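Visitor: Take a look at the letters that make up each chain.
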Amino acid sequence: MKATDELVMLQVPASAEYVDLVRVTLYGIAAKMGFSYEEIEDMKVAVSEACNNAVLHAYGNLPSGTTASAPEQAPRMEVRFIKKRDALSIVVKDEGQSFDALAVARQKSPMRGKSVDELHAGGLGLYLMQALMDQVEVHSDAGTEVILTKRLVRSEDTA
Amino acid sequence: MKQPEKFQLRTETREGRCIVYVSGELDLEVATQMRAAMAPLVELRDRELSLNLRDLKYIDSTGIGILVSVLKARNASQAPFSVEAIPPGIRKLFDMTGITPFLTGQKQEQ
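Sequence order for the protein chains is G and V. Here this note's numbering is used: the first residue of the first sequence is 1, the next is one more, and so on. Here this note's numbering is used: the first residue of the second sequence is 1, the next is one more, and so on.
If you're looking for bench data, these hints aren't it; they were derived computationally from the structure. Among these hints, one or two may not hold up.
[Said to hold, decoys possible] Listed below are the simulated BS3-like cross-link pairs for lysine-lysine, each with C-alpha atoms no more than 27 angstroms apart in a straight line:
#1 K6/V / K32/G
#2 K32/G / K92/V
#3 K93/G / K83/G
#4 K2/G / K32/G
#5 K114/G / K72/V
#6 K92/V / K114/G
Note that the structure is a prediction, hence the values are computed from the model and not measured.
Full structure from sequences and hints, please.
Guide: Here is the structure:
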C-alpha cells in the first residue's frame with residue numbers, strides 16, 4: 001500500500017449470511033469513488049465469489065460424514081478495501097485451506113461447447129472473478145488471500 | 001443505499017406448466033433453501049418446469065450451480081425445463097459462463 005492509499009477494513013464471521021454485508025460495503029465505497037453502475041455490479045459478483053470461497057474454506061472442506069470439532073473461535077474472514085488513486089483493490093483473506101487456483105484458472109468459459117451431461121459448476125467462482133475484474137491474485141500461505149483489482153477510468157481522463 | 005432484497009420463491013402451476021418465480025438474491029446463503037424447494041419439482045416429469053427470473057436481482061456461482069444441477073436432472077429424465085425473463089445483468093453472467101444456450105433452449109453453435 002502507498003501512503004496515499006486509503007484503507008477500509010471489515011472483519012466478519014466466515015459465514016454466508018455476512019456476504020451481503022460485504023456487498024453493501026463494496027457498493028458504498030465503489031460508488032463514492034465514481035465507478036459506474038455496471039462496474040460496481042461486476043465487482044459485487046467477484047467479491048462475493050471470493051467471500052464464498054472463504055466461507056466454504058471455513059466450513060466446507062471437511063470429509064463427508066465428519067463434523068468439525070468446535071473451533072476455539074468461530075472462523076472469520078477479513079475484507080480490506082484499498083482505495084488507490086486510480087483503482088480499487090479488494091483483499092479477501094481467510095484462515096482456511098487453499099483452493100486449487102491453478103487448476104481452475106486453466107479453464108476457459110467453463111460451459112461452452114459441452115453437452116448437458118458434461119456441464120459442471122466447479123470453478124465457476126474463480127472464473128467469474130477473472131472475467132469481471134482487471135486483475136486477480138491468489139496467495140496461499142497461512143490461509144488464502146484473494147486480491148481483486150478494478151481500475152477506475154474517470155470520464156474527465158478520457159475527455 | 002438500497003437494502004438487498006430478500007430471496008423469495010413462488011410456485012405457480014397452470015396448464016401443465018410449473019412456473020417458479022425466483023426473486024431477490026440467489027446466493028450461497030439461500031442455496032440450501034433453493035435446492036430443497038426445487039427437488040420435488042424436478043421430479044415432476046410430466047410437467048414443464050420453468051424458472052422465471054424477472055425479479056431476480058443477483059445470482060452467484062452457487063446459484064448458477066443449482067441451475068446446472070436442475071438442468072442436468074431434467075435432461076436425464078427427458079423432462080422439459082426452461083428459464084425465462086432473464087434480467088440483463090444476470091444474462092451477462094450466464095453468457096460469460098456459457099450456460100445461456102442450455103437455459104434458453106437455443107441450439108449451440110458447433
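Visitor: So which of those numbered hints doesn't the model satisfy?
Guide: none
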